[in-house]
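Protein chains in written order, with this note's numbering: chain A, 1 to 545; chain B, 1 to 294.
Hints listed in this document are in silico derivations from the structure and should not be mistaken for laboratory results.
Just so you know, even glycine gets a beta-carbon here, dropped at the ideal spot from N, CA and C.
Just so you know, not all the hints are guaranteed correct.
Taking lysine to aspartate or glutamate and the DMTMM-like style, the derived pairs with C-alpha atoms no more than 25 Å apart in a straight line are [to be verified]: (1) A:K199 with A:D473; (2) B:K11 with A:E532; (3) B:K122 with A:E390.
Heads up, incomplete: computed chain A residues facing chain B, CB under 10 Å, no partners named [what the hints assert, rightly or not]: (4) R33; (5) P122; (6) F129; (7) V145; (8) M170; (9) A180; (10) T192; (11) M233; (12) A247; (13) T373; (14) G376.
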Amino acid sequence: MAEHTHAPAATSPAHAVHAVHDEHDHRPHGWRRWVYATNHKDIGTMYLVFAGLMFLIGGSFAMVIRAELFEPGMQLVDPQFFNSMTTMHALFMIFGAVMPAWTGLANWLIPMQIGAPDMALPRLNNLSFWILPFAFTLLFSTLFVPGGAPAGGWTLYAPLMVQTGDAFPMTIFAIHMMGASSILGAINVIVTIMNMRAKGMGLLRMPLFVWTWFITAFLLIAAMPVLAGAVTMLLTDHYFGTTFFTATGGGDPIMFQHIFWFFGHPEVYILILPAFGVVSEIIPTFSRKPLFGYETMVYATASIGFLSFIVWAHHMFVTGIPLAGQLFFMLSTMLIAVPTGVKVFNWTATMYKGSLSFEPPMLFALGFLFMFTIGGFSGLMLALVPADYEYHGTYFVVAHFHYVLVPGAIFAIIGAVYYWLPKWSGKMYDMRLATWHFWLSTVFVNVLFFPQHFLGLAGMPRRIPDYAVQFTDWNMVSSIGGFAFGLSQLLFPYIVLKCLRSGEPATGRVWESAHGLEWELPSPAPYHSWGEPPSEALIARGAAH
Amino acid sequence: MAQAHAPDSSKYYLPHNSPWPIFASVSVFTIMLGAVVYLNDWTGLWSIIPGFALLFTMFICWFHTVIGENQHGIYNLQVDRSFRMGMLWFILSEVMFFGAFFGALFYARILAVPWLGGEGVKFFTHFILWPTYEGTWPTNGPAHIGGNAGSFNIVPAFGVPAINTLVLLSSGVTVTIAHHALRQGKRGMLIVFLAATFLLGFTFVGLQAHEYGESYRELGLRLSTGIYGSTFFMLTGFHGLHVTIGATMLVIIWLRVLRGHFTPQRHFAFEAVSWYWHFVDVVWLGLFIFVYWL
Chain A
1 MAEHTHAPAA TSPAHAVHAV HDEHDHRPHG WRRWVYATNH KDIGTMYLVF AGLMFLIGGS
61 FAMVIRAELF EPGMQLVDPQ FFNSMTTMHA LFMIFGAVMP AWTGLANWLI PMQIGAPDMA
121 LPRLNNLSFW ILPFAFTLLF STLFVPGGAP AGGWTLYAPL MVQTGDAFPM TIFAIHMMGA
181 SSILGAINVI VTIMNMRAKG MGLLRMPLFV WTWFITAFLL IAAMPVLAGA VTMLLTDHYF
241 GTTFFTATGG GDPIMFQHIF WFFGHPEVYI LILPAFGVVS EIIPTFSRKP LFGYETMVYA
301 TASIGFLSFI VWAHHMFVTG IPLAGQLFFM LSTMLIAVPT GVKVFNWTAT MYKGSLSFEP
361 PMLFALGFLF MFTIGGFSGL MLALVPADYE YHGTYFVVAH FHYVLVPGAI FAIIGAVYYW
421 LPKWSGKMYD MRLATWHFWL STVFVNVLFF PQHFLGLAGM PRRIPDYAVQ FTDWNMVSSI
481 GGFAFGLSQL LFPYIVLKCL RSGEPATGRV WESAHGLEWE LPSPAPYHSW GEPPSEALIA
541 RGAAH
Chain B
1 MAQAHAPDSS KYYLPHNSPW PIFASVSVFT IMLGAVVYLN DWTGLWSIIP GFALLFTMFI
61 CWFHTVIGEN QHGIYNLQVD RSFRMGMLWF ILSEVMFFGA FFGALFYARI LAVPWLGGEG
121 VKFFTHFILW PTYEGTWPTN GPAHIGGNAG SFNIVPAFGV PAINTLVLLS SGVTVTIAHH
181 ALRQGKRGML IVFLAATFLL GFTFVGLQAH EYGESYRELG LRLSTGIYGS TFFMLTGFHG
241 LHVTIGATML VIIWLRVLRG HFTPQRHFAF EAVSWYWHFV DVVWLGLFIF VYWL
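Looking at chain A on its own, in the form it has when it is part of the complex (with noise of 0.2 Å):
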């Protein structure tokens, strides 16, 4: 190749790899597949891996908590400390666990459900990935820094963030990294979405998942660009005397809170939108029939994702923000509840008369079902101005977003692993342990989670590692089921890991009425999944609403 000449001696590596592009399908060995990777199913396998890692060390993170809560009293960790692992938690298991799971999946199958060879920027692909391992690398050395691991709640605000000691640019950079990390992610999605579909693949026939992800990037585009102002903001006020946070300037400490939080909501639904792709594509194969209401799935995805940008001050409402204020952001929350309602009703009509069968995958939908809808009820409680005044800051709210994110977001993930797995790997998991794995998260996730609404209503604190002597049995019950919860949560990886070394082969279709392109591949998908775009018919087939 002629551009070889111009190159400097320095760019070696390059050259390497330059040899072998010309056989395009040959795929690379060694480290070298990892690292320089371009292929969206390794790129979605390390994402996945990645994930998997983060969800077990955020887990670690919730049992110091969990142990710590088992009594009252100071026993294990002291409150510095504590606090510590309630930030860290929430930030390994927001931008550690479910978002790169999220970008993992999307990854393996937006490229197979759309009919495309890869992903539209294979390269800024290997880029999003592999910040990273780097960010979480720094954020997790902050635990061994003089001051301790950042401790002021993921939500970072000012000023008790800035308090924090030497993990405080170590944290606002990981954010940064997290950040850009996303935001290259979700571009790469959007033009996958946009400019890779095959021919008939229409948007208003594109399954549900890629649908989800479409409007989850574009909150992410919009949404994570906010958020490192905001650190960056607090990074200036912390060491170069800016005042956006001061009121001895002319700042407020309550706008850090306002910037956050327009951040910080469409950011939830990040976490979600993704869940309720997944659970419109499994609901439907395991009740054999079409999902109903497909183009009202579509709309009501575009709603909530629209009204997720102007709701933030929900969260702010004991803040003190005008009565005005209060009164449109409980009004314009209380809507997100319509669109919502559309999908629960859409799953439950899709079940209706449906000859049903209760495979793993079912049932962490099923799961995701009733629970999510739990968390979005607490939610709907949690909107009301005036009911927030006494919920804010308890364990109730504790309760309300660990029913969203474990058996909502969580789960999906969880279902959707086992939904797809045998098409990734070409072999079936073993299913009896599958279902024990669910039935043992659901007893337990309730177990953990369903007493904190009381701890809450009874006027539990969150975010403190000592408490009130009356609140105690309902703390060892929670705790208990925290601990059985996440040892639970180490039969996935064994059920993964057995199914990858010796899982029965799986069929091409693997469920008998799965509808869409990626059954139409063989199991395992080809490196490449389509090299040669689908026809027209075999969309058609696919597209079964």
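Please build the complex by placing chain B on the supplied structure of chain A, with the hints as guidance.
Below, chain B without anything else, positioned relative to chain A:
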């Protein structure tokens, strides 16, 4: 079966593996580590140099690869569209980044400062802590943070900033003329007007640097001058950084024009840079109106 699925290079282009993305991640990590050790006072500012050196090396090498591939014509129209869309969405994310700082400016001017001055629903802070504070804009807050002994002057809109507005707006015109020249194959005109664009860009940066010097030395307006100094320097500073990046990209595009890299039909890099340039232009208009003028 596997053979049937090997991507047909006449239908799709898939890039080969590349070491540069991971190199980019390592560069960013090195910059961040350097900044961390500097900000925690473990070393001097030099600690960020290695990371930036890696980053620049990465940019040169990655773009070298991509430009080389492009010159070999192995990118098809679909790749071209992917690049275009990618750039547009990237610019949107940049818009939102500036949005955060504009949001801070509007929040401070419309809500926070008037409240501190005793207006509106949150008058109690004023009433209890700073009953004499007026709450007028520009302000460095009720405690008069920073400045020359607590006071400062602002940069008048219709001085250097107005000139800079003209400079940047004309650069928007020149880059458009250059684009038309490129599309019509008028090479001489393209070279002249593209050069004019980045020269105007660097003129803007120079004037801005001069204005910063005056602010610090004479006006008492610094980054630490309360909320006015904070919003003023963060907004104009990030904008200036983007102009510098944009002008540097224009220089690279200009060098590529000199090498004859673009055709009237295919010149994605040129368009991407000119979009970026229009974006910094529009941000400046917002700055001129809301930071300097009103």
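We went through each hint and held it up to the structure:
Distance check on the hinted pair: A:K199 and A:D473 sit about 60 Å apart at the alpha-carbon level, beyond 25 Å; violated. Proposed proximity of B:K11 and A:E532 is supported: the alpha carbons are some 8 Å apart, at most 25 Å. Note on B:K122 and A:E390: the hinted pairing holds, with a Cα-Cα distance of about 22 Å set against a maximum of 25 Å. For A:R33, the interface hint holds, the least distance from its beta-carbon to any beta-carbon of chain B being 8 Å, beneath 10 Å.
Because the beta carbon of A:P122 sits about 5 Å from the nearest beta carbon in chain B, less than 10 Å, this interface hint is met. For A:F129, the interface hint holds, since its Cβ comes within 10 Å of a Cβ in chain B; the closest pair sits about 9 Å apart. Given hint, A:V145 at the interface with chain B, holds; its Cβ is 8 Å from that chain's nearest Cβ, closer than 10 Å. Of the supplied interface hints, the one on A:M170 holds, with its beta-carbon coming within about 5 Å of a beta-carbon of chain B, less than 10 Å.
The restraint placing A:A180 at the interface with chain B holds, with a minimum CB-CB distance near 7 Å, inside the 10 Å limit. The beta carbon of A:T192 is positioned within 10 Å of a beta carbon in chain B (closest approach about 8 Å), and the interface hint is therefore held. Interface restraint check: A:M233 against chain B, minimum CB-CB distance 7 Å, threshold 10 Å, status holds. Of the supplied interface hints, the one on A:A247 holds, with its beta-carbon coming within about 6 Å of a beta-carbon of chain B, less than 10 Å.
For A:T373, the interface hint is violated, the least distance from its beta-carbon to any beta-carbon of chain B being 32 Å, above 10 Å. Hint status for A:G376: violated, given a least beta-carbon distance of 28 Å to chain B, over 10 Å.
Violated hints, in rising order: 1, 13, 14; the structure is consistent with all others.
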